[in-house]
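Letter by letter, the chains look like this.
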Amino acid sequence: MNKKVANVEEACQGIESGMTLMLGGFGLCGIPENSISELVNLNVTGLTCISNNAGVDDFGLGLLLQKKQIKKMISSYVGENDEFERQMLSGELEVDLIPQGSLAERCRAGGAGIPAFYTPAGYGTEVAEGKEVREFNGKPHILESALTADFAIVKAWKGDTAGNLVFKGTARNFNPMMAMAGKITIAEVEELVEPGELNPNEIHTAGIFVQRIFQGKGYEKRIEQRTVRPKN
Amino acid sequence: MLSKSQIAQRIAQELQNGWYVNLGIGIPTLVANYIPEGIDVEFQSENGILGMGPFPVEGTEDADLINAGKQTITALPGAVFFDSATSFAMIRGQHVQLTVLGAMEVSQNGDIANWKIPGKMVKGMGGAMDLVASADNIIVAMMHTNRAGASKILKNCSLPLTGVGCVKKIVTNLAVLEVVKEGFKLIERAPGVSVEEIQQATEGDLIIEGDIPEMKL
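Chains A and B, in that order, give the protein sequences.
FYI, the numbering for the first sequence is 1 to 232, going by this note's numbering.
FYI, the numbering for the second sequence is 233 to 449, going by this note's numbering.
What the hints contain is simulated information worked out from the structure, not anything from laboratory work.
Beta carbons are placed, not taken as given, at the ideal position from N, Cα and C, and that holds for glycine.
Each hint should be verified, as a subset may be incorrect.
Some, not all, of what chain A presents toward chain B, calculated at C-beta under 7 Å [as the list claims (entries may be wrong)]:
no.	residue
1	Val78
2	Thr170
3	Pro176
With a straight-line cut-off of 20 Å between C-alpha atoms, the simulated SDA-like cross-links for lysine to any residue are [as the list claims (entries may be wrong)]:
no.	chain 1	residue 1	chain 2	residue 2
4	B	Lys355	A	Gln225
5	B	Lys348	A	Gly91
6	B	Lys355	A	Glu80
All chains, please: the whole structure from these sequences, using the hints.
Written as structure tokens, this is what we have:
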């Protein structure tokens, strides 16, 4: 089955103001750079964005925040972004902060047809407010619901035109679960190949979860904290 | 009084052979520098790597290879990458034997606060709530008091909580404490620090039984 689209413009067709989007990545690692630029171009607004982080001021989702395209963020950690903090404290931006593992599992559940699940994370904290509590094996857990999105936008290292994806290093992070949870999933890849060129034993995300795939270009892959040790 | 590196050094003495360990951002990260000889542990970073190695040699850093603090790292032989759901399955499923993390406050019933100062700082909890809710063995690395000298070792936390009743052991710049039913049990003193000084810096109930030994670093 051929999922290939010509470019980012074609991939993002149908994304409209007010929609809920999932965007893969952890920090700036494994974010769909091409698609984020296209969302800026499309100037869609009132978006609900589900993403572990919110980028930095001038990169990643920070670009959408600067243009006030985001109405609500669902994330686990949003440091490193002054504009985000300003919009949140002034009340312009709605923010739902949820534990990272719960965020990952809520996306996975959304893609896997599990409407909700119990987790111990967040019990006894603000996160548990308004949520059902139930004890299992003598330990309290809270009920967390699944997340889905109108569009999930993920970034992979390699992909084939059937939509199969391979990720590199820690750039995998939230991308596989979000790919499962999108009504339409867009995958942008650094290298797009023909079916048969990827080893089926080594594919991380099966093409069934991907509706559109394109070869990205001009990846900046910015590093947030460059930590090194000296040569020799 | 211990430096931040010395706090990490003391915590490293707790490592046991064969443990998988998750180190939080800040002082906990430094624990990796002090693994005792003969102890084989593997570090998990919740963004998706097991077998995390040291920082890369200058010029070899890779944007696709970072830790949970977004720092560039390396992968040791035998390392593995995985997605975020699998990562937290390792954590929630108690496959990770030790979690070391920082705190703004801890209370004597084992509550911890480290993610939010209302009206001032709201960065989010990241993976901390999942880690503290599930880990069997949590060590908190922190300073005993804040910059103004006020105790961070409290009867009750004043900040929004990250987890309840989860902290077992605390290593500060002044002492090693264990959370027991009656309060904070003083286990060791930092070199040159007296029991009285620790008592003064501790707002919560401090339990002192017999002679309190000095830490060996």
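Answer holds if the nearest beta-carbon of chain B is closer than 7 Å to that of Pro176 of chain A; otherwise answer violated. Result: holds, 4 Å to nearest chain B Cβ.
Measuring from the C-beta of Thr170 of chain A to each C-beta in chain B, is the shortest one below 7 Å? This hint holds: Thr170 of chain A lies near chain B, its Cβ roughly 5 Å from the closest one there, short of 7 Å.
So if I understand the rule, the pair passes when the alpha-carbon distance is 20 Å or less; does Lys355 of chain B with Gln225 of chain A pass? holds, 17 Å
Should the hint that Val78 of chain A touches chain B count as held when the rule is a Cβ pair under 7 Å? holds, 5 Å
Hinted pair, alpha-carbon criterion (20 Å max): Lys355 of chain B, Glu80 of chain A. Please report holds or violated. holds, 8 Å
For the pair supplied as a hint, Lys348 of chain B and Gly91 of chain A, confirm whether the alpha-carbon distance does not exceed 20 Å. The given pair, whose Cα atoms are some 17 Å apart, holds under the 20 Å limit.
Going down the numbered hints, you'll see the structure goes against none, and every one checks out.
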